[in-house]
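**Student:** Single-letter residue listing:
Protein chains: 2
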Amino acid sequence: MNFQNMTSEARAALLSELQGQYQDFCAKGLKLDMSRGKPGADQLALSMELLDAALIAQDVKAQNGFDVRNYGVMDGIPECKALFAELLDVPAENLIVFGNSSLNVMYDYVAHCMTHGAGGTPWSRLPRVKFACPVPGYDRHFAILEYFGIEMVNVPMTAEGPDMDVLEQLVRDEDVRGMICVPKYSNPEGTTFSAQTVRRIAALKPAAKDFRIIWDNAYCVHDLGDTTDELLNVFEACAAQGSEDMIIEVASTSKISFPGSGVAVMAASAKNIADFKKQMFVQTIGHDKINQLRHARYFKDAAGIHAHMQRLRAILEPKFRAVLDALESELGGTGAAQWKTPNGGYFVSLDVLPGCAKRVCALCAEAGVVLTGAGATFPYGKDPQDSNIRIAPTFPPANELHIAMELLCLCVKLAALEKLS
Amino acid sequence: MNFQNMTSEARAALLSELQGQYQDFCAKGLKLDMSRGKPGADQLALSMELLDAALIAQDVKAQNGFDVRNYGVMDGIPECKALFAELLDVPAENLIVFGNSSLNVMYDYVAHCMTHGAGGTPWSRLPRVKFACPVPGYDRHFAILEYFGIEMVNVPMTAEGPDMDVLEQLVRDEDVRGMICVPKYSNPEGTTFSAQTVRRIAALKPAAKDFRIIWDNAYCVHDLGDTTDELLNVFEACAAQGSEDMIIEVASTSKISFPGSGVAVMAASAKNIADFKKQMFVQTIGHDKINQLRHARYFKDAAGIHAHMQRLRAILEPKFRAVLDALESELGGTGAAQWKTPNGGYFVSLDVLPGCAKRVCALCAEAGVVLTGAGATFPYGKDPQDSNIRIAPTFPPANELHIAMELLCLCVKLAALEKLS
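Those protein sequences? They're chains A and B, same order as listed. Residue numbers for the first sequence follow the working numbering, beginning at 1 and rising by one. Residue numbers for the second sequence follow the working numbering, beginning at 1 and rising by one.
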């Protein structure tokens, strides 16, 4: 029954009952971590063949004849470029293959814009730099922008991606130099930008001529069920508008092979690739080509990656189902929270009653379950509604996940009843 | 016989004879590359066991209990820190283990100083930033400084390291914010800073309170013969002066295991480590810990690395001997060039007659042997004497090295005779 429709006596009785249950939880001495989108050990085990020495020893040379063990080939070996070109549906010449972290690539790109500009004045010399940030979003994106003193402006997410009316208005401000977003299975909501949204993004006419969109396609192949989302190829949409220079796409195998030991990639226009290579040439002789070759030879092609993702999905899908089942059975009809069922990605986004998210996280923490901090999904850690909580179901084993979700739902109800009292 | 002491007729006759030899070389259609300090394939073969999957599969957890395949442990796994702590003789807590490139670490550190400062004002907001550059030096160091608009000031190298009288004078200028150097088996001369030099460096009292020395200890274990150089521990020297914050030491296994697939490290004061970690926390979740664990388990300890270096030395020492023998037999007594016999490192530094280095490199290139470009060992590519040539003997197989050296010596003589004519 919807909490709002209950009598205050009934709410008080329920609160008291739930407080008892909460005390029982506290007594259990739990110590569970649902704070980050980390793969579980069972997922990691599926990639162990990637470490097979024979993958390299069979032939230490990449397709271009370079010994991958030695210096050289700054922008990535051809077979690894080909793998990502097929996966992301972009020409290989528009790709750079990096080291282990697309986060690092995004950081480096923003740092590059600060010190050397994105074709225009270095951003550090501008009086003000702002970025549009679809919210809720990814805390580590916001951390990069904050670190460089870039002012973040919230743009609400809709079911189709960022609210384009708001964004179109915003980019008329020349201080707004870019946007950072996860266009497919977004972090945390699992929203995929609609074709119409991608087309409107491609058609943006920002006042800033060096406006850049960091298109973090982190979950490009991370489907969870049979119903999958399709993301329009942003470069094709941009080609129709001549706006390819706006897009800096990144992706990685962090949640395909090994987090921290995968391969990251940037896809961008010829102009942007050439511009960024000027920095790379100073920054490094090259990234880990042995690891690039491992990935290229193990996965072989996009089909190889998709087949691998199916095996990972078999592990992930029950975890997401457990989360959604718990939410439905415990919170359905209470009016205490809202959530969406994502078709992919790494998170379930939960919106509790306004003003309750911090309380829910605090209650959970006190009982031994760490969630992503309330507010983390907004710039500066400030959720204006104090409502959004990111659930990361992938890391805990199934039994722990069940207990954690039971506690989380209990805390959501407790916070809601406290608020309504 | 010294060319200068020859009659002009004798010089003309010799020049004519050598020109004939040079034409014969040109007719051979050589295509050899001695431009970079790359290990040869025979060296790389000695590290192939490092790729053994069992090194990881035996236990995927690092000593701190973290699964190295997953996210986390931003500053490096404990066993890898311990390995470098022993090797560099610094406390493990003063170390950060990175990804595959110490060049990238140095770039990131300078970028960090530009945008966020080294404890003071961000360098990009200062009217002028200068760095002391011992010359000849490493072109990629100079490229980083040039990229960020840092003005480079040459400091001559002596047999004991940078000319300290010059350096002590220079750091009185507050615009001089740092120095970048290779203190052991320097690139290209193979000079190791004397204990006295290290002590005088530690005792520097720069006008700039955030003066930083990038101490690129790239060749810390790269001995070539039985006579080895010892480098005083710079942090111990600084401790006596309270100047530890001046030093940012870096090193890597690029020329121990695999270039591009090794592990890099920074050693610095507690203050500098804490400061840099603030950036790292935004920049990355962590570096490749699987590769860190590979290195830690394969080499085990400093003794393991030293034993490995002995095996590499057995390959390198004959190559260096071939270079030095060729120089001695072809150029000894001619007065056309000077060189030193390094006890370690990756290069032989050759000083030809002033005004002749570019000519020598051009002659070699025309005959099919690519050397490091003349001038590369100086900031802005400008060797004031046009005299220094860096010889990189490690990459070519022995037979190619012999031919390349024969040609190089011939070109040195040709250029000298042309000049004296």
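These are calculated hints, taken from the structure and not from any lab test. In this text, all values refer to a predicted model and were calculated from it rather than measured experimentally. It cannot be assumed that every hint is accurate.
Any copy will do: because identical chains look the same in the list, a pair fits if it lies in one copy or spans two.
Derived lysine-lysine pairs resembling DSS-like cross-links, with alpha carbons at most 30 Å apart [to be verified]:
1) K209 - K277
2) K61 - K419
3) K340 - K277
4) K382 - K300
5) K300 - K419
6) K31 - K130
7) K278 - K31
8) K31 - K209
9) K278 - K358
10) K382 - K130
11) K28 - K61
12) K209 - K300
13) K205 - K358
14) K278 - K130
15) K419 - K382
16) K31 - K61
17) K209 - K419
18) K300 - K130
19) K205 - K419
20) K277 - K31
21) K277 - K358
22) K209 - K130
23) K271 - K209
24) K300 - K61
25) K382 - K277
26) K61 - K130
27) K130 - K277
**Student:** Each hint needs a verdict: does it hold in this structure or not?
**Tutor:** Here's how the hints hold up against the structure:
1. K209 - K277: This pair counts as within: shortest intra-copy Cα distance 21 Å, inter-copy 34 Å.
2. K61 - K419: neither (64 Å within a copy, 44 Å between copies)
3. K340 - K277: Neither, since 40 Å and 37 Å both go past 30 Å.
4. K382 - K300: neither (43 Å within a copy, 46 Å between copies)
5. K300 - K419: Answer is neither; intra-copy 55 Å and inter-copy 58 Å both fail.
6. K31 - K130: neither (40 Å within a copy, 52 Å between copies)
7. K278 - K31: Between. Shortest inter-copy distance 27 Å satisfies the 30 Å Cα cut-off; intra-copy 47 Å does not.
8. K31 - K209: neither (50 Å within a copy, 46 Å between copies)
9. K278 - K358: between (45 Å within a copy, 25 Å between copies)
10. K382 - K130: For K382 and K130, the Cα distance is within 30 Å only inside one copy (17 Å; across copies 41 Å).
11. K28 - K61: between (56 Å within a copy, 27 Å between copies)
12. K209 - K300: neither (39 Å within a copy, 53 Å between copies)
13. K205 - K358: Intra 38 Å, inter 50 Å, cutoff 30 Å: neither.
14. K278 - K130: Answer is both; intra-copy 25 Å and inter-copy 22 Å each pass.
15. K419 - K382: within (20 Å within a copy, 72 Å between copies)
16. K31 - K61: Cα proximity of K31 and K61: across copies only (20 Å, versus 47 Å in one copy).
17. K209 - K419: neither (47 Å within a copy, 54 Å between copies)
18. K300 - K130: Neither. Shortest intra-copy (41 Å) and inter-copy (49 Å) distances fail the 30 Å Cα cut-off.
19. K205 - K419: Result: close neither inside a copy nor across copies, 44 Å intra and 62 Å inter.
20. K277 - K31: between (45 Å within a copy, 27 Å between copies)
21. K277 - K358: between (43 Å within a copy, 28 Å between copies)
22. K209 - K130: within (14 Å within a copy, 33 Å between copies)
23. K271 - K209: For K271 and K209, the Cα distance is within 30 Å only inside one copy (14 Å; across copies 40 Å).
24. K300 - K61: both (16 Å within a copy, 28 Å between copies)
25. K382 - K277: Between copies, since 24 Å is at most 30 Å while 36 Å is not.
26. K61 - K130: neither (45 Å within a copy, 42 Å between copies)
27. K130 - K277: Answer is both; intra-copy 25 Å and inter-copy 25 Å each pass.
Checked against the numbered hints given earlier, the structure breaks hints 2, 3, 4, 5, 6, 8, 12, 13, 17, 18, 19, 26 and satisfies all the rest.
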